[in-house]
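K.L.:
Letter by letter, the chains look like this.
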Amino acid sequence: MTELRGKTIDELAGHVGGIVSGVCTERVERVASLAEASAHEIAFVEDARLVESALQSNASCLIVPEVIQDLDGKCLIRVARPKLAFALIAELLHPTIGRAPMVHKLAVIAGSAALEENVFVGAHSVIGERTIIGAGTEIHSGTIIGDDVTIGRSCVIHPNVVIYKGTVIGDRVILHASVVVGADGFGYVPDETNSLHKFPQIGRAVIDDDVEIGAGTCIDRGALGETRIGRGTKIDNLVQIAHNVKIGERVVIAAQTGISGSTIIEDDAVIGGQVGLGDHAHVKSGAIIGSKAGILPGKIVRKGVWWGIPIQPLEDYKRLNAHMNRLPQLREEVKELQLRIKELEDEKANDK
Amino acid sequence: MTELRGKTIDELAGHVGGIVSGVCTERVERVASLAEASAHEIAFVEDARLVESALQSNASCLIVPEVIQDLDGKCLIRVARPKLAFALIAELLHPTIGRAPMVHKLAVIAGSAALEENVFVGAHSVIGERTIIGAGTEIHSGTIIGDDVTIGRSCVIHPNVVIYKGTVIGDRVILHASVVVGADGFGYVPDETNSLHKFPQIGRAVIDDDVEIGAGTCIDRGALGETRIGRGTKIDNLVQIAHNVKIGERVVIAAQTGISGSTIIEDDAVIGGQVGLGDHAHVKSGAIIGSKAGILPGKIVRKGVWWGIPIQPLEDYKRLNAHMNRLPQLREEVKELQLRIKELEDEKANDK
Amino acid sequence: MTELRGKTIDELAGHVGGIVSGVCTERVERVASLAEASAHEIAFVEDARLVESALQSNASCLIVPEVIQDLDGKCLIRVARPKLAFALIAELLHPTIGRAPMVHKLAVIAGSAALEENVFVGAHSVIGERTIIGAGTEIHSGTIIGDDVTIGRSCVIHPNVVIYKGTVIGDRVILHASVVVGADGFGYVPDETNSLHKFPQIGRAVIDDDVEIGAGTCIDRGALGETRIGRGTKIDNLVQIAHNVKIGERVVIAAQTGISGSTIIEDDAVIGGQVGLGDHAHVKSGAIIGSKAGILPGKIVRKGVWWGIPIQPLEDYKRLNAHMNRLPQLREEVKELQLRIKELEDEKANDK
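Chains as they are written, first to last, in numbering that gives the first Met the number 0: chain A, 0 to 351; chain B, 0 to 351; chain C, 0 to 351.
Take these hints with a grain of salt, some might be off.
Copies of the same chain look alike in the list, so a pair counts if it fits in one copy or across any two.
Straight-line alpha carbon distances no greater than 30 Å define the calculated DSSO-like cross-link-like pairs of lysine-lysine that follow [to be verified]:
1) Lys302 - Lys197
2) Lys164 - Lys6
3) Lys73 - Lys6
4) Lys6 - Lys197
5) Lys82 - Lys298
6) Lys82 - Lys197
7) Lys334 - Lys317
8) Lys104 - Lys283
9) Lys73 - Lys197
10) Lys104 - Lys164
If you are wondering where the hints come from, they were derived from the structure by calculation, not from laboratory data.
With the sequences and hints as input, model every part of the structure.
P.N.:
What follows is the structure, encoded as structure tokens:
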């Protein structure tokens with residue numbers, strides 16, 4: 000008896016609460032893009048404007064918005080939010096295949112470290128004294144974890160990550176390659192000869208459950224107290240998070256953004272790439288900050304969409320940008336006024 | 000019999016198609032800068048304005064533009080493009096000395112991995128299952144290569160690089176220290192509680208022949224499909240390349256630039272440092288983008304020189320910048336016009 | 000006999016030249032923030048505006064500015080510069096606890112390398128041929144050091160750092176995790192087919208005494224000659240320093256800043272985060288450059304505070320920014336003038 004691969008359309012539709020329509024015959028094994036999907040693959044159609052591409056797709060099944068009732072008889076799963084359904088179906092069809100539990104003989108694990116069950120520890124890794132690794136967590140090769148670190152359950156710590164001593168990490172956290180958590184923050188106090196004395200960097204970094212952090216991102220420890228990344232927050236590659244930053248839950252931060260010391264970012268904020276936030280700024284819940292924006296130290300950023308350096312509400316930014324682009328024309332208009340006034344003045348002089 | 004070190008001037012001139020003039024007696028062993036060169040060293044003079052420095056140089060030989068016919072009798076190699084000739088001569092005098100083939104006993108190589116002949120594998124490295132390493136390639140210490148990776152011939156993968164599973168790398172590729180290739184792209188879909196579900200990141204990263212990538216740069220795998228870096232492209236340090244980006248051939252990208260998902264950069268484009276490109280942008284062949292520029296999502300950037308946030312043609316940018324710098328003056332002119340009109344109006348009122 | 004923990008107030012005051020006042024009974028063991036300090040902890044009050052918070056603090060002792068003479072009888076150490084005194088006291092109470100000298104059995108040390116006394120070499124590290132490690136220096140796990148490197152005394156090289164061959168590092172240098180020093184600079188010369196030939200990158204990187212460099216920062220070797228970081232300079236995370244850059248002493252550079260090739264930064268300059276400096280720029284001693292600023296190639300930046308893209312003196316930047324924000328109003332004023340002139344012209348026409 001062969002085990003059937005993949006899922007039926009009904010199973011997938013049930014998983015996302017969708018309605019099946021059209022002719023559905025094949026089992027689905029993989030997700031794919033609309034353009035590249037073929038037999039045994041499922042794709043999604045984000046909105047009705049893509050109907051043309053959808054009709055040409057060779058996917059076995061298409062996830063479509065509810066407004067699309069029929070696509071030439073194709074096998075459809077109709078849902079309110081196709082992209083979300085696609086992501087949920089991808090989780091089902093492509094479950095993360097964890098590393099089989101194992102501690103590599105070239106891993107170096109301190110005598111006082113505690114590993115719960117089913118932990119994977121790759122080659123050339125180090126786990127420090129009194130450090131705790133939760134059940135099912137994977138520590139990949141080359142990752143160096145300091146003393147007194149706590150890592151929760153079902154985490155994936157990719158290769159060559161460095162976690163400094165005292166760091167606390169929750170459950171189901173993913174750290175991509177070369178992430179650094181808990182390095183000293185950047186603070187110095189000059190003396191009378193301008194020699195720089197290190198401000199104490201003796202706090203810690205805390206990363207809550209379900210956080211994912213991109214490759215090469217650096218999260219400094221607190222100077223005094225904590226740097227904290229809240230539950231479910233997602234951070235892209237090469238982001239800099241300074242000491243004592245507090246980031247809330249479900250925040251999204253795109254690549255190469257930098258957040259200066261003690262800045263607060265509340266739940267559900269969305270921050271674009273290459274944004275710079277000055278220290279002690281405060282981004283309120285629901286704020287959306289466009290890429291490359293600059294936020295001055297101490298600035299409070301309320302709910303809404305923000306843009307520019309320094310940031311302004313997007314509408315203001317657009318208006319101002321339009322004004323700036325019309326500057327050459329304004330200049331011309333002023334010149335013309337000068338001529339016309341000169342003429343009036345000259346006539347006046349002649350009248351006298 | 001002693002082996003003679005270095006090369007004769009005639010050998011070097013022949014290598015670059017240059018014409019020798021002046022008094023040439025010494026063999027040349029090394030390249031050096033104009034200011035620091037001494038005996039047995041060769042330097043180059045980029046243009047005729049540097050004649051004064053050239054006259055003071057102690058180099059055994061100078062590579063000069065053809066227009067310079069004589070420099071006080073100094074030994075010269077005259078060529079059309081001195082800097083190119085200097086680079087070609089440097090390749091000859093300073094050949095990359097590869098690591099002698101060897102697999103370190105502290106490297107961990109999966110049983111199903113395949114290493115062609117003359118491969119160097121440094122200490123504390125890992126090579127995953129079914130991964131193929133081409134002939135003459137060097138995998139330096141601490142580099143972690145996942146399963147099902149293909150790396151071509153004569154590559155140099157510097158220390159502490161991480162290459163995720165499924166990545167494909169061509170021949171003669173150089174990856175500098177701490178590069179990360181193939182990490183998950185950054186894509187999430189919020190559900191009704193704003194919890195973030197990972198959009199599938201199951202594609203791969205492909206790097207073609209003769210690419211060089213700077214330290215700390217991150218290149219994500221495709222979400223679905225590929226992220227691709229074309230043949231001969233050169234990327235500086237700490238650059239971020241997101242999922243499904245397609246970069247053409249001989250593209251140059253300076254440090255800390257970030258390229259968002261699905262953006263296309265065609266052959267021979269040149270992109271400065273700290274540039275940010277939104278997703279689904281399209282940079283056409285021959286476009287040159289100045290440092291710190293910002294390109295909006297979906298923007299098509301045609302051939303030419305571009306600058307600013309958001310980008311504009313350099314000439315427009317300069318003109319607009321000049322206008323902005325004259326804003327205070329424009330403000331004054333408008334004030335003056337207001338006074339003069341007031342005066343005219345007052346006189347008119349008096350006349351009545 | 001129990002050893003007493005911490006220090007007396009008199010000891011601490013003596014260490015920083017402060018004056019004790021108020022009721023001091025407890026020994027101090029730790030530094031803490033004003034808000035979080037409790038028994039046996041010392042905090043500092045940066046200026047007199049924080050008196051309210053100071054009165055509510057549970058710290059055993061407060062370091063305050065001299066102008067504060069009494070805080071409700073609390074134990075005070077009065078000094079000219081409280082934050083500096085706090086940093087100095089933190090150094091005393093929280094001395095860096097170095098790694099006990101040890102060479103891990105999974106470290107790979109070349110036969111010709113020379114380690115002075117009391118060196119720590121962590122697991123999975125590599126030390127190359129002819130490399131010298133000074134007394135008391137710590138090379139943490141996973142750090143890869145090439146051939147012919149010199150590292151001074153009492154340095155701390157954190158995990159997963161990569162130091163390319165030929166690099167020279169002074170005494171008491173701290174390199175945080177994943178720093179890369181001495182990778183090839185980014186320079187290519189196109190030939191007639193636009194193939195890119197590598198400009199020779201055969202110089203070296205030199206880091207002087209007492210430098211601290213943040214996680215993930217990359218410092219390229221000189222192309223010809225040196226890249227140099229001067230004594231006492233502090234560099235934050237994810238900074239890019241290109242080939243042949245010369246940085247003076249006691250310079251401060253915040254995160255994600257990028258410095259292009261051959262740029263010079265003189266002593267005591269302060270550079271914000273995400274700043275971009277073009278090549279061959281020259282920042283003079285005492286210059287302060289605001290975050291996100293852009294400096295054009297070749298620009299000379301004199302003493303003073305600079306801001307913007309491209310940079311201007313802060314005062315000019317502010318003025319210009321104010322002018323820009325008033326552009327919509329200027330536009331309105333010009334429109335009004337147009338109407339008024341039209342009216343004058345019409346009347347004039349009617350008069351005739």
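K.L.:
So which of the earlier hints does this model not fit?
P.N.:
8
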